[in-house]
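There are 2 protein chains.
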Amino acid sequence: MIAVVLIGTGNVAQNLFQVLATNPDVDIRQVIGRKKAHLNFALGTTKVATDLKEILPADVYILAISDEAIPLVSKEIEGIKGLVVHTSGGTSLASINNHTRCGVFYPLQTFTKGKMISFEAIPLCIEAKQSQDLQLLKKLGVALSKTVVEIDSEKRKALHLAAVFVNNFTNYLYSVAEDICEENEVDFNLLKPLMKETVAKLDDLTPLKAQTGPAKRGDQKTLHTHLSLIKNKQQRDIYTLLSNTIKSTYGEKL
Amino acid sequence: MIAVVLIGTGNVAQNLFQVLATNPDVDIRQVIGRKKAHLNFALGTTKVATDLKEILPADVYILAISDEAIPLVSKEIEGIKGLVVHTSGGTSLASINNHTRCGVFYPLQTFTKGKMISFEAIPLCIEAKQSQDLQLLKKLGVALSKTVVEIDSEKRKALHLAAVFVNNFTNYLYSVAEDICEENEVDFNLLKPLMKETVAKLDDLTPLKAQTGPAKRGDQKTLHTHLSLIKNKQQRDIYTLLSNTIKSTYGEKL
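Which chain is which? The protein sequence lines are P and Z, in order. Each residue of the first sequence is one higher than the last, beginning at 986 in this note's numbering. Each residue of the second sequence is one higher than the last, beginning at 986 in this note's numbering.
Hints in this document: simulated from the structure, not taken from any laboratory. It is possible that some hints are incorrect.
Pairs involving identical chains hold if they fit within one copy or between any two copies, as the list cannot separate such chains.
[Stated by the list, open to error] Heads up, simulated EDC-like pairs for lysine to aspartate or glutamate below, C-alpha to C-alpha not over 16 Å straight-line:
id, residue 1, residue 2
1, K1100, D1188
2, K1123, D1137
3, K1194, D1164
4, K1114, D1036
5, K1206, D1052
6, K1098, D1188
7, K1216, E1167
8, K1038, E1061
9, K1100, E1135
10, K1140, D1164
11, K1131, E1163
Kindly generate the complete structure, drawing on both the sequences and the hints.
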């Protein structure tokens, strides 16, 4: 049984809480958040506190908080007994190095408030200053997910960057597509099976091999027709840059 | 029973063949392709031909061929009895207007050679010059898919443009992410659950509401760290343009 104190009340914290609170190998001792109203999700299941001074003893303290808050909270709980970890992809282990026992417990996923998703399929990227703490995080990890991998701070930063491309940027392209659909009075939902298959294809092919479309074919006619359809300058810039980059990857320039 | 002749041997043709050949409401009369070797997929199930002069009578002739070939093939079969349709998102109905009975039968999906996918979930966008032909395409459509929608050439062009954003461009971003993973020796597969959830989220949220990440938060520190990690100039340009566009959508400039 691993005793855990969870610090934070955002999307990651709430998703972690759900999976920790229902796991037989985990004893969730307490949830700490600055605002009482934000702790509602944990009420009735475990103890809650708004003051870090009231923190209870545990094996692992999980800081599921914003990147900026990590070093601040880490300092506030300096000297505590147990392993202190953060959950951030873009933050190094060094940011909580004031603890002799520190680590990282990064769930590589996008979390949405109010939408609980299964942790089983979420890769958990772990790192720890001390090897016995790595074992502890591995134990905690495998209790929650089928994929637990040791990733150091440098590699995690690269993974986080790659995640920005496949999640944040991809979502923005969806947003542009929705704009185009709205302007032209077509239903954005018609694109959803295509969006799903675009990802599903990669179970069998690399993205390099899966590439299709007018830019890859060097189909100038379609490229120019498309550009003439886009009214928004930023969207035209995105269309041009991505098409040119695809063309230069597969052939000549637009 | 709808009698169909299929012209073409590419990914769309092969996927259409699979679903047409096994559908009880469809009688697939013939498949025509320029090269005999490319017709293997249809052998033993239906008649095949390499010469358009040997085309058999049918209710619907489906031109599942490249955009450039559409007007050429349409001209070669001029005067034929029955409805002639193409399957292209970016090509107008006018391109085959030499037929008094012409239409469009556009499956909004990405097709991969050798990977057969279920048609049931694929939106079929139909258009026809004559209203009774629209009824015929609707009948053919509902035999194959749960989603059949009437979309005119202008709207279909916009939908095709939006499809480029959600499919071609998104896939290219996956490709960049794979590059970053390889350079930093992390496993690209770790990102796949995130890629799937990025799409799945949109069952509940609009992309505008689903947007997260450093650009949206205006997190300069992470944006600069990321830029310093990207060695390839084109990838840096993509990172900068998309981040700036997200920032200007949600706040100020990078």
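Structure versus earlier hints - violations, ascending order: Numbers 4, 9 and 11 - these are the hints that the structure violates, sorted from lowest upward.
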